[in-house]
Each structure stands twice: as structure tokens, then as C-alpha cells.
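**Student:** Residue numbers (numbering that gives the first Met the number 0), protein chains in the order written: chain A, 0 to 366; chain B, 0 to 366; chain C, 0 to 366; chain D, 0 to 366.
No lab work stands behind these hints, which were simulated from the structure alone.
For glycine and all other residues, C-beta sits at the position ideal for the given N, C-alpha and C.
Each hint should be verified, as a subset may be incorrect.
[Unchecked claim] If you want the footprint, here are the derived chain A segments under chain B, 3+ residues with CB under 8 Å:
{"hint": "1", "segment": "48-58"}
{"hint": "2", "segment": "287-295"}
{"hint": "3", "segment": "325-336"}
[What the hints assert, rightly or not] Straight-line distance between alpha carbons at most 27 Å, and here's what the computed DSSO-like set of lysine-lysine pairs gives:
{"hint": "4", "chain 1": "B", "residue 1": "Lys240", "chain 2": "B", "residue 2": "Lys173"}
{"hint": "5", "chain 1": "D", "residue 1": "Lys240", "chain 2": "D", "residue 2": "Lys227"}
{"hint": "6", "chain 1": "B", "residue 1": "Lys240", "chain 2": "D", "residue 2": "Lys240"}
{"hint": "7", "chain 1": "C", "residue 1": "Lys240", "chain 2": "C", "residue 2": "Lys227"}
{"hint": "8", "chain 1": "C", "residue 1": "Lys227", "chain 2": "A", "residue 2": "Lys240"}
{"hint": "9", "chain 1": "B", "residue 1": "Lys227", "chain 2": "B", "residue 2": "Lys240"}
Protein chains: 4
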Amino acid sequence: MIVNMSDGATEQQIDHIIQRIREAGFQPHVTRGTERTIVAAVGSGGRRHEIEALSVAPGVDNVVAIAQPFKLVSRQTRPERSVVVVGAEMTRTDLAGPSTVAANAVGKKRSAGIRIGGPEVVVIAGPCSVESREQLLETAEGVKRAGANMLRGGAYKPRTSPYEFQGLGIEALKILREARDLTGLPVVTEVMSTEDVDLISEYAEMLQVGARNMQNFALLRRLAVIKKPILLKRGPSASVKEWLLAAEYLLSGGNDQVVLCERGIKTFDTGMRNTFDLAAVALAKELSHWPVMADPSHGTGKQSLIGVVSRAALAVGADGIIIEVHPCPERALSDGPQSLDLSQFESVMRSLSAPLPAVLGAGAPRA
Amino acid sequence: MIVNMSDGATEQQIDHIIQRIREAGFQPHVTRGTERTIVAAVGSGGRRHEIEALSVAPGVDNVVAIAQPFKLVSRQTRPERSVVVVGAEMTRTDLAGPSTVAANAVGKKRSAGIRIGGPEVVVIAGPCSVESREQLLETAEGVKRAGANMLRGGAYKPRTSPYEFQGLGIEALKILREARDLTGLPVVTEVMSTEDVDLISEYAEMLQVGARNMQNFALLRRLAVIKKPILLKRGPSASVKEWLLAAEYLLSGGNDQVVLCERGIKTFDTGMRNTFDLAAVALAKELSHWPVMADPSHGTGKQSLIGVVSRAALAVGADGIIIEVHPCPERALSDGPQSLDLSQFESVMRSLSAPLPAVLGAGAPRA
Amino acid sequence: MIVNMSDGATEQQIDHIIQRIREAGFQPHVTRGTERTIVAAVGSGGRRHEIEALSVAPGVDNVVAIAQPFKLVSRQTRPERSVVVVGAEMTRTDLAGPSTVAANAVGKKRSAGIRIGGPEVVVIAGPCSVESREQLLETAEGVKRAGANMLRGGAYKPRTSPYEFQGLGIEALKILREARDLTGLPVVTEVMSTEDVDLISEYAEMLQVGARNMQNFALLRRLAVIKKPILLKRGPSASVKEWLLAAEYLLSGGNDQVVLCERGIKTFDTGMRNTFDLAAVALAKELSHWPVMADPSHGTGKQSLIGVVSRAALAVGADGIIIEVHPCPERALSDGPQSLDLSQFESVMRSLSAPLPAVLGAGAPRA
Amino acid sequence: MIVNMSDGATEQQIDHIIQRIREAGFQPHVTRGTERTIVAAVGSGGRRHEIEALSVAPGVDNVVAIAQPFKLVSRQTRPERSVVVVGAEMTRTDLAGPSTVAANAVGKKRSAGIRIGGPEVVVIAGPCSVESREQLLETAEGVKRAGANMLRGGAYKPRTSPYEFQGLGIEALKILREARDLTGLPVVTEVMSTEDVDLISEYAEMLQVGARNMQNFALLRRLAVIKKPILLKRGPSASVKEWLLAAEYLLSGGNDQVVLCERGIKTFDTGMRNTFDLAAVALAKELSHWPVMADPSHGTGKQSLIGVVSRAALAVGADGIIIEVHPCPERALSDGPQSLDLSQFESVMRSLSAPLPAVLGAGAPRA
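Turn these sequences into a full structure, and let the hints guide you.
**Tutor:** Next comes the structure, spelled out in C-alpha cells:
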């Protein structure tokens with residue numbers, strides 16, 4: 000931390016800052032320039048907020064932080080990339096509980112878990128909301144056939160208006176479990192409240208913190224003490240730094256299975272639903288060792304763009320993508336405009352392996 | 000809702016839209032232009048999301064909503080302004096519960112309640128966080144003396160980093176109650192989780208939904224069924240429309256004591272903590288009959304600007320302001336840079352009644 | 000400037016930075032912490048960009064600027080507030096040139112100039128575009144009667160689409176001159192191109208740099224060498240700092256008659272035309288000694304809000320306001336939705352002198 | 000255009016709107032709902048702004064545009080993609096003019112032109128500013144060797160502060176010409192003012208409109224009548240729609256060689272220089288038939304991210320990328336932090352042809 004004194008700061012004011020820096024647990028280090036004096040607060044054990052508050056002390060112009068405030072999420076803590084495994088616990092015993100599928104069928108679907116953050120990208124697909132058993136099972140089988148690795152589907156829905164469809168709740172969770180048992184695809188679904196954490200943990204292999212709850216700190220603290228992986232979406236107005244600090248809540252609380260997910264931010268341009276910040280995926284991977292996914296459905300809100308931005312997400316280094324798929328998007332109870340139908344999803348999946356275009360003249364001999 | 004067909008839409012595609020509009024509970028109304036056809040969905044009982052989802056139907060260019068989606072919050076429902084009364088329940092019996100103050104002292108402090116939304120503005124003041132008994136009582140008495148009408152103070156704090164001060168919790172609630180009993184000022188404090196609603200309701204006269212929880216719908220639904228007034232802060236990236244829809248969650252769930260509070264939004268300009276959207280106060284009052292307050296402390300994040308922007312908030316029609324005050328801002332555990340000390344707060348209070356500057360030549364006779 | 004070395008920076012890398020800081024004309028000052036080393040570049044004569052570029056030197060984490068980059072615009076240069084006088088040159092001789100009004104009539108209208116930045120606020124009013132002689136003269140006389148101090152009107156219009164009305168050009172300038180002669184109100188009009196500077200300077204008492212040209216540096220450099228006051232609107236995505244640096248272009252080039260004007264910025268909320276950043280008016284006045292005006296018409300884009308936000312602009316310390324007025328807004332060729340008609344403008348002018356609402360209980364004796 | 004009447008609109012008010020729609024050159028079409036009435040303005044020959052202005056007519060709630068306002072830029076005008084050829088005019092005679100290179104050398108470098116918008120992507124590279132002959136020639140030869148197709152370099156620089164390096168002007172143009180003659184790479188350079196258009200047109204094969212000049216309409220109108228291709232950068236706060244309308248200025252004025260270039264927008268997140276809006280590249284290509292490029296240097300402002308976001312630009316469909324390269328970024332007079340050195344650029348060029356990562360399990364047989 001640097002305390003930047005104003006031009007006319009007195010010796011007494013500078014001494015006060017030096018003393019306060021010591022009280023806050025740092026060593027003060029004074030640099031006197033021709034015009035102004037700066038005082039650095041050096042060391043790692045001090046209380047940062049006490050230095051920040053010095054911005055209103057007499058004779059202080061401003062206070063500047065120079066080190067990043069996060070720890071466990073940072074690559075400085077762990078240079079190698081972390082891998083999060085989803086669904087490794089999907090065993091026969093586990094499935095026998097709330098599942099309605101016969102044990103022997105389950106046996107065959109048993110999974111070793113999906114590794115997010117490894118050399119291959121993971122594709123999560125499914126409807127925005129679970130609307131009915133038929134809708135979900137059809138979607139789950141379709142996305143499985145097309146190559147998806149995990150299933151998504153909302154049971155509890157965060158909706159801007161109270162008059163919109165709010166999700167089927169526990170009924171949706173049961174349908175998701177049935178779909179998981181049929182397809183072997185681990186399930187991720189959103190948790191909106193601390194009170195739902197236990198129930199949802201029973202049914203889902205991964206819990207999603209939605210964008211609007213990224214700074215629901217009570218929820219983050221609750222999720223920090225469960226044993227399930229968390230998909231932490233970036234808030235619509237969260238900086239990358241705030242997003243990583245939200246992850247730090249999970250990590251410092253004890254949950255070390257965190258996957259970040261960029262899903263677009265709010266900007267002045269309303270031509271698309273959000274501004275999909277793909278460079279932030281690259282930045283988050285530079286700053287953190289945890290996996291980072293991307294959500295082209297919310298990122299653009301536009302069916303026709305999902306194929307190319309999915310490819311871009313892979314190009315920029317995303318460890319996976321999450322795509323909304325619905326058997327009939329124009330009849331979806333939520334997010335229809337950004338959902339793919341099953342044949343569109345298959346076509347997007349095929350497009351993921353196509354090569355990037357060549358540079359003009361790259362093949363030709365150069366003069 | 001208007002479904003705008005694309006240029007080359009076929010008759011079959013138009014017929015499909017007409018049929019889908021009927022299925023969604025609206026009457027279709029077709030207008031054929033020289034270049035394109037539009038189909039209006041007319042009526043009030045239909046399912047809007049089904050029309051929205053038609054944006055991905057074949058032959059459709061886009062879908063445009065023309066009516067506002069909110070109801071109970073709207074001035075169209077109730078043209079007169081609503082007044083929210085805070086603290087009218089502050090009787091001897093109530094206070095006898097968790098309070099530690101002698102009953103006879105309490106009797107003298109008994110309040111008829113603070114009316115928010117009437118002809119006079121309400122001033123809420125107090126520290127960002129309750130840090131100690133001494134700090135809060137000193138602040139409470141100081142702001143009371145300077146003319147504040149209510150006391151604020153955080154017990155449960157939403158902090159960007161898990162390593163920052165998280166609030167004293169129930170201990171803070173008890174200190175707030177003591178301060179209330181001493182000063183007679185009703186208390187507002189933030190609730191961050193559904194699990195804390197009952198406890199905080201016991202201690203505070205008004206519950207605040209913080210900016211980052213504005214779209215914590217589980218929390219809104221829980222607060223909709225309590226009998227306390229709610230101070231609903233606007234989210235840092237919430238449009239005025241989304242803010243009013245968050246209020247609609249409270250209202251449609253049964254809580255009809257809602258006060259809105261503008262506290263600044265996130266924009267590209269980081270020269271101040273937020274961009275204080277004072278015109279949004281005026282717009283919210285135009286659209287809604289509920290009271291609207293303003294928070295110049297978070298709105299600017301800058302001690303030196305709080306006086307003038309408080310005056311601007313009054314000028315623009317705010318029903319009240321909420322200001323952070325701390326006995327020694329440079330030692331505050333949170334929000335020091337934007338807190339006033341007690342003498343600065345007194346000076347801001349005095350400035351509120353000063354007249355606006357005159358227009359050049361307005362007093363002079365005109366040619 | 001502070002060069003913040005990364006955790007594992009070597010001695011050699013630190014030495015390289017020390018040497019580069021010397022080459023750039025600063026003194027290096029090293030502070031070694033337990034975890035990292037910072038090197039301050041001290042002094043005022045050095046080349047800042049060379050220090051900024053060190054952010055890509057080996058072993059450097061980042062570079063932080065601690066001093067503001069502006070000079071002539073800053074209150075540190077001049078603590079007293081500057082006043083800009085508009086129209087003092089409006090003498091008989093001047094008017095005899097391009098004016099079409101008889102000299103004796105002109106004699107009576109002669110002005111001592113409008114002082115912007117003094118104790119009283121200045122009101123500029125008039126149509127977005129000059130559309131016809133009748134429209135402008137009617138507006139000019141109306142706003143004069145209601146108490147406006149200056150006349151605005153666009154001759155060259157920056158329009159988002161080439162198919163929109165682009166202004167009457169020189170014909171509009173002549174009509175503005177005629178209106179000035181009839182009413183005595185000095186004229187401000189926008190200049191969009193270096194090529195129009197001479198012509199417009201002949202006709203207008205003040206030249207406006209529109210928001211979209213705030214960083215048209217060729218235009219700023221050209222306007223820096225004329226003898227007319229400039230109204231410099233803030234760009235829709237300019238920070239306050241960038242806005243002040245645009246003013247610095249005018250000042251460092253020789254024009255010392257600069258009036259800043261906040262007119263709203265672009266944010267995610269499209270419920271109003273712009274987000275009117277009234278706190279930025281206060282911040283600009285804190286940082287700069289030059290006058291700062293506000294434009295509630297563009298700031299909100301909404302006729303019904305202009306009255307209250309004008310009052311808020313005065314409350315926050317604006318030295319004046321600029322309001323769009325049209326005899327019949329619904330027939331305006333541009334900006335109709337945000338224009339007042341003459342009777343609405345009169346009513347806004349009257350509202351400017353009304354007192355702010357009182358604080359609840361402020362008149363009553365306190366317990 | 001749809002005029003949406005308010006709830007209590009009278010018959011007289013509706014009749015007034017109907018009449019005004021006719022006056023504006025459209026056919027009115029009335030739809031009466033149970034709650035409100037809407038009036039569509041049908042047809043293509045009318046004056047849109049007259050309908051927009053009706054938002055302030057009595058009884059009107061709001062006015063909604065349903066068709067896009069652009070024409071020549073739109074894919075609806077021309078479904079096939081347009082190709083812009085740069086540098087086809089680079090013949091011996093042309094070069095004989097201001098060039099200092101011997102004619103016979105020139106003969107060998109002669110180019111058939113670079114096709115932007117074809118199946119292969121184009122790479123433009125070079126320094127932010129031309130700083131010296133040595134710096135530019137070294138860079139030009141280096142980027143040519145690494146596979147770049149065109150050379151960039153600033154002669155006239157738009158700088159936020161007047162105290163920053165402003166470019167070498169005509170001297171830089173001459174150096175660019177020399178570099179072109181040596182390497183055969185066509186040159187693109189920024190034009191900031193109408194007054195420089197002729198001079199720069201003599202020296203450069205393509206003229207760039209910088210982001211801050213995207214809505215410098217005087218400049219756009221001037222560039223519309225020259226015979227050189229234009230690289231039109233998106234403004235930092237321009238929506239895709241506004242960007243396309245800026246292109247419409249060029250096209251409607253007669254210049255049909257327009258290449259769009261996304262370079263990042265300003266948002267609340269300042270962790271990178273801009274928010275690189277890669278999805279906007281895809282959207283612009285969906286809406287327009289003109290080529291769209293991307294600028295990862297300004298898009299991120301961060302050397303270390305340029306490789307991956309360049310790949311993402313290709314993935315999303317960009318017709319080319321433009322990258323800042325400097326022999327020694329830490330000594331660059333501008334944009335050092337976002338410039339690659341020559342070996343980094345080579346490495347980025349090589350990375351462009353690497354395949355995208357595979358989907359987990361995509362190669363394996365599916366259960």
C-alpha cells in the first residue's frame with residue numbers, strides 16, 4: 000500500500016501517517032520527492048483496511064493498493080493448474096437413494112467423473128429450466144448423443160420479475176436425477192438460497208452460483224463447507240478481481256473444488272443480452288490456477304451467434320462451455336431466444352473441431 | 000408485445016405466429032406494411048414469456064415489449080404517493096424484550112414513527128459497521144443531536160474479500176437496540192441471508208436489502224412475508240426497471256412497506272466509487288408511488304462531495320438521505336474514505352436548508 | 000510513478016528499472032519489502048510514458064501513477080475560481096458586419112457580457128437545431144422573456160445516422176445572429192470541424208465542442224488558438240480525468256476561456272437517454288478552477304425530469320445549465336423528446352428559486 | 000415505428016397521432032387493446048424523426064422503432080459478403096512520386112492488393128507510433144518475415160493528454176512509404192482531421208478512423224469522397240448499431256471500401272485497458288456484408304493476452320487482426336504495455352494455425 004501525501008502536507012501530518020502505518024502492522028517507508036512525499040506500508044501481516052482509511056487523514060491525497068488482495072485463488076500460490084472432478088461419487092449406493100432407476104441400469108452408467116481443467120474441454124448442455132419430465136429427458140439424451148459431458152437444468156430460477164416462471168423446485172431435482180441415471184451425465188443446477196443447499200447437494204453433482212448471487216456472501220460461506228464442486232458465475236457487474244475474491248470466499252472457507260464461469264457483463268450496448276467478456280477468461284486463467292468456463296448462451300443471448308462464440312471460448316483457453324438447449328426454444332418457459340434446439344446443438348458440437356481460418360498467404364512461399 | 004416479422008416472412012410463418020399468440024392467451028392483431036408485417040399480442044391476461052420466446056420462431060426478426068412489466072409498484076396502480084412509517088411499533092412492551100435499558104427510560108423515548116414519503120425529508124445516519132458499543136453510542140447521540148431521524152449501522156457486512164471485517168453479528172444488533180433506546184432513533188440494518196431475517200426483525204425497525212442482494216430473490220421472497228418496512232437498495236448494475244421489479248417481489252409477496260434507495264451504479268468512470276444516478280431518483284418517483292431515498296456516501300465514496308450531493312438529492316425529489324458517519328473515519332473498519340465525522344455531519348445538516356443559488360440577473364428588471 | 004516489482008524479481012531486473020528511471024529523467028527510490036520491492040520515480044521533469052512502458056519490462060508486476068496528469072486545468076495551479084465572460088465583444092462595430100439588423104437597434108442591445116463561474120448561475124436555452132427563422136426567433140424571445148441569459152441553437156449537427164437532419168449550416172448562423180441582435184442574448188453553437196472554426200467564430204459568442212468530439216484533438220488544437228470562449232462537453236464515455244485533459248489541450252494551446260459541461264454518460268441503463276452524472280459536476284469543480292455547467296436535456300433525455308434535475312444541478316454547484324427549448328417539441332427535427340416548450344421552460348425557470356424541502360422535525364424543538 | 004398510447008389516452012389524442020403519422024409520410028395502423036391502443040407507422044418513405052418526436056405528444060407513453068435504421072451497410076441490401084482490396088494501386092508510377100526507393104527495386108515489390116473479407120484472414124502489424132526510421136524499418140521487416148500482410152504505424156496520434164507524444168506527422172508518412180517500398184506491405188495509418196486527408200491519402204494505402212473519431216461526422220463525410228479504403232474502428236462507447244451507422248456515413252457518401260474494426264469498449268472493469276467485445280465481431284458480420292477486423296492490442300491492452308485473443312478473433316469470424324509490434328516495447332513512446340516485440344509477434348503468428356482443443360471424450364467411442 001502506498002499513501003500519497005498531498006502537495007502541502009506538513010511534517011506533522013507525515014508523522015501521523017508513519018505512526019498509523021506502524022499501528023496497522025506494517026513498516027512505513029518514506030520517499031520524499033521534490034513536490035510530494037509518499038509513504039509505503041511494507042510487509043504482509045498488516046491490516047489493509049486501516050491503510051485504506053488513511054485516505055481521509057489530513058494531508059493525504061490518496062491511497063493506492065499495489066498488491067492483489069487474493070490468495071488461495073491466485074497462481075502465485077500454486078503455479079500448476081488445478082483440475083476439478085465432477086461426479087466421481089456417482090456410485091451405485093449413492094444412486095440407490097433418491098433415484099427411481101433400477102440398480103442394475105445404474106451400474107452400467109457409473110462414471111469416473113468429469114475432469115474440468117485438463118487438456119480437453121468440457122461441454123455442459125441442457126435447458127435453462129426443467130419444465131417437465133419429457134422435456135428434460137429428451138434434451139438429456141439429445142445432448143448426450145451430440146457429445147455433451149454434463150447436463151444442466153434449472154430447478155430454482157432467479158427471475159427478474161415475480162410474475163415469471165420460478166422453476167419446479169424439488170420436482171425438477173428428481174427429474175434431473177432420473178436424467179442423470181439414464182444418461183450417466185453428471186448434473187449441475189443453480190442454488191439460490193442457503194436453505195436449499197442440503198437438498199440440492201443430495202441431487203446434483205455440481206452446484207451453480209448464479210451471476211446475480213456472485214456476491215451473496217451468506218450463500219458463498221454456506222457452500223464453502225460442502226463437499227461438492229461449485230460453478231461460480233461472474234456477476235454482471237463484477238470485475239475479474241471481484242469475481243476471484245468471490246471464489247476466495249469458497250476457498251478460504253474450505254471448498255477447494257471451484258470452477259469459474261464467464262457469462263457476460265452489463266454494458267451500454269444492449270444489442271446483445273450481455274457483453275461476452277472472452278478476454279476475461281484469459282485474464283482469469285492468468286491470475287488463477289482454477290478452471291474457467293464460458294457460457295455463450297447468456298454471453299450473447301442470441302441463438303445465431305452461439306456457434307462462433309463457443310469456438311472463440313475454446314480459442315481463448317476456456318476449460319469448457321455451458322450451452323442452453325431446448326427441444327423447442329420458441330416454447331421454452333425461460334431463455335427461449337438464446338436456446339439451441341437439438342439439431343442446432345449437434346451442429347455447434349461439430350463446428351468445435353473445425354480448424355481456424357488460415358492467414359492470407361501463409362501457405363505460399365514468401366518473397 | 001409486438002412481434003416484428005422479418006422482410007421475407009412467409010404467410011405460413013405469419014400464421015404460425017398468430018396461432019402461437021392465441022395459445023399464449025393474447026389476441027393477435029396483424030399490420031401489413033409495404034416491407035414487413037408486424038403482429039401485436041393484445042390483452043392483459045396472456046403469458047408474456049411465450050411471446051418473448053417467439054423471437055426464435057422462423058420468419059421473426061425481433062419481439063418488442065411495449066408495456067412495463069410491473070404492477071403493484073407502479074403509479075398506474077396508485078396515483079397518490081405512499082408513505083412508509085418506520086418505528087411506530089416502538090412501544091414499552093416491545094422494548095422490554097431484548098433491550099437492556101430500564102423500562103422507565105424507554106417510556107420517554109417512545110416514538111410515533113418516522114414517516115418516509117411525506118412532505119419532509121428523512122435523514123438516516125450512522126456508521127457503516129457497528130464496531131463497538133462506544134463507537135455506536137457516540138455516533139448515535141451525535142447524529143441525533145445534529146438532527147438525524149433514524150440510525151443506521153451494519154451488523155452483518157457484505158464484504159468483497161473474505162479477509163475483511165465481516166461485522167459483529169448479534170452483538171452489533173444488541174448495541175443498536177441500546178442506541179435506539181437511548182436516542183429514540185429507529186434502526187435500519189442490513190440483512191444478508193434468509194436465515195437471519197427473524198433475528199434481525201426482532202432488533203431493527205427497518206431491514207435493508209443491500210445493493211449486492213437486490214436480486215437475491217430467495218431473500219426478497221422471505222422479506223415479503225414479514226411485517227417490517229424494507230429499504231431496498233438499487234443494485235450496482237440494475238436498471239431502474241429491474242430495481243422496481245425487485246420491489247415487486249416484496250409487494251406481490253405481501254409486504255407493502257417498501258422504500259427504494261439509489262446508491263450509485265457501476266460505470267466506466269472509477270474516479271468516484273460509483274456513479275450516483277440522481278436522475279434515477281426522479282425517474283423512480285415518476286414510475287412508482289413508493290418513497291425513494293438516496294445514499295450519497297456510497298453514491299460518491301468521497302467525503303468531500305457528500306454535502307453538495309445530499310443537497311442535490313433533496314432537489315431531485317428524494318424522500319430522504321442515508322449518510323455514513325463515524326467518530327473517526329480514518330480508523331473505521333469499513334468505508335472510512337466515505338464517512339463523515341460528527342462535526343462534518345453537523346455541517347452537512349446545516350447546509351441542507353441553504354437556498355439554491357439565484358439565476359444571473361433574476362432579481363434585476365428585464366429589458 | 001511507482002514501479003511495483005513482481006515477487007520473484009531478480010537484483011538485475013531491479014537494477015535495470017533503476018537505470019531506466021534515471022534515463023527517463025526521474026530519481027529512483029527503492030523500497031524493499033518482505034515480499035516485494037517497489038521503485039518510486041521521483042521528481043517532476045521526467046518523461047512519464049517511459050515509466051508507464053516499464054510495465055512490460057522483465058520482473059515488473061505493474062506501474063501505478065500517483066499524481067494527476069493535468070496542470071493548467073487544476074486547482075493546484077490556481078486555488079481561486081476562474082470566471083469566463085461571454086459576449087463582452089458584442090459591440091456596434093462587431094454587429095455591423097454580418098448582422099442584418101439596423102445599427103441603432105443594435106446599440107440598445109449591447110451587452111457587458113455574461114459571467115460564467117460567478118455567484119449566480121447562468122441559463123442557456125434554445126432549440127437543439129435551428130430549423131427556420133420563425134422557429135428560432137420565437138424561441139429566442141420566449142427564453143429571453145423567461146429569464147435565460149444566453150441562446151443556444153445548432154447550425155451543424157452531429158447526427159448518428161446520415162439520413163437524419165444535418166443542420167442548416169451558414170443559414171442557421173445568420174438566423175442566430177439575428178436572434179442575438181433582437182434579444183441581446185449571446186449565442187453558443189457547436190463546431191464540428193476545424194474547417195468551420197473561422198466562420199462560426201464570426202457569428203457566435205461561444206463555441207461548443209460536442210460530446211462526441213471531446214477527444215477530437217485536431218479540433219481542440221484549432222480552438223486553442225482562437226479568442227472565443229469554449230463550452231467543452233464531456234464525452235459519453237469520458238472519465239472526469241479525460242475530460243479535464245481535453246480542457247488541458249485548449250489551455251495549453253493558449254485559450255484560457257474554458258467552460259466544462261456535464262451532459263450525461265453512457266451506461267447499462269437505457270431507461271433514460273444517458274446517465275446524468277451530477278456528482279461529476281462537483282468532482283470537476285473540486286479538481287479544477289474552471290466553471291462547470293450541466294445539460295439536463297441530454298443528461299436525461301426526458302422532458303418530464305428536466306425541472307427537478309435542473310434544480311439538482313444548481314444544488315450540486317453547477318455554474319449554469321443549458322436546456323433545449325422548442326416552440327413545438329413534437330415537431331422538432333431533432334431531440335424533440337427532451338425539449339421543453341416555452342411554457343414548460345418558464346415553469347422550470349420559476350422552479351429554480353423554490354426552496355429545498357425541510358428535514359423532518361427540523362423546525363421542531365429536539366428532545 | 001410503433002406509437003404506444005398511454006392508458007388513459009383520449010380519442011382526440013389518438014386522432015392527433017394518426018394525423019401526424021400521415022403528415023410524416025407513413026400510413027397509420029391502429030390496434031386497440033383492452034388496456035391500451037397502439038398506432039403503427041407503416042411504410043418506408045416517411046420521416047422517422049417526426050414519429051420519434053411524438054413521444055412527447057399528449058397521451059403518448061413511448062415510441063418504439065422496430066426496423067434497423069441502416070441501409071447500405073446491411074446484409075439485407077446485399078446478402079453476399081463484400082471484399083475490400085487494399086494496395087492494388089501500388090504501381091511503379093505511383094511509387095515514383097514521394098518514394099525515395101529506386102524504381103527497379105519497387106518493381107519487384109509490386110502488389111496485386113490485399114483482399115480483406117475473403118476466405119483467409121489478414122494480419123496488419125506495426126508500431127503504435129512511427130518513432131524513427133530505424134524503429135519502423137526494423138519493425139516492418141520483422142513483421143513481414145513473420146507473415147504479416149500489411150503495415151500499421153501512427154503519424155498523427157490521438158493522445159489523451161497534450162503533454163504526450165503527438166506523432167512525427169509528415170516525416171512519419173515518408174518513413175512509412177519507405178517501409179512499404181522495402182517490404183511491399185501496404186500501409187494503414189490514422190487520419191485525425193479533414194485537413195490531413197489529402198496528404199495522408201498520398202502516402203497510405205488505407206486510412207484509419209480511430210475509435211475516438213468514429214462519430215467525427217465531418218471527417219467521415221470527407222473520407223466518403225476519397226478513393227481509398229477506410230478502416231473504421233468502433234468507438235469506445237459505440238453500440239454495434241452506432242458503429243454501423245458511422246459506416247453508413249462513408250457508404251452513403253460514396254466510399255464503398257469500408258472495413259470495420261472492433262477494438263474494445265469501455266466498461267466498469269478496468270482490469271484490462273478495454274473490454275474486447277469479440278461477440279460484436281460476429282454480430283457485425285451478421286448484420287453487415289462488409290469485412291470486420293479485430294484489434295487485440297487495444298482490445299486487451301495486455302501483451303500476455305494478445306496471442307489467445309487473436310486466436311479467439313479468428314474463431315469468431317474476424318476477417319483479420321491488427322497487432323501492435325515494437326522492437327522494444329518498454330521503450331515505446333506510446334502503447335508500450337500492449338505491444339509485442341518481434342519474437343513475441345512471431346510466436347503469436349505461429350499460434351494462429353494451432354488447432355482448437357478437443358472436447359473431452361470426443362475421440363472415444365460413446366456409450
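**Student:** None of the hints should be skipped; say for each whether it holds.
**Tutor:** Hint by hint, here is what the structure shows:
no.	hint	result
1	48-58	holds (count 8)
2	287-295	violated (count 0)
3	325-336	holds (count 8)
4	Lys240(B) with Lys173(B)	36 Å, violated
5	Lys240(D) with Lys227(D)	24 Å, holds
6	Lys240(B) with Lys240(D)	23 Å, holds
7	Lys240(C) with Lys227(C)	24 Å, holds
8	Lys227(C) with Lys240(A)	46 Å, violated
9	Lys227(B) with Lys240(B)	24 Å, holds
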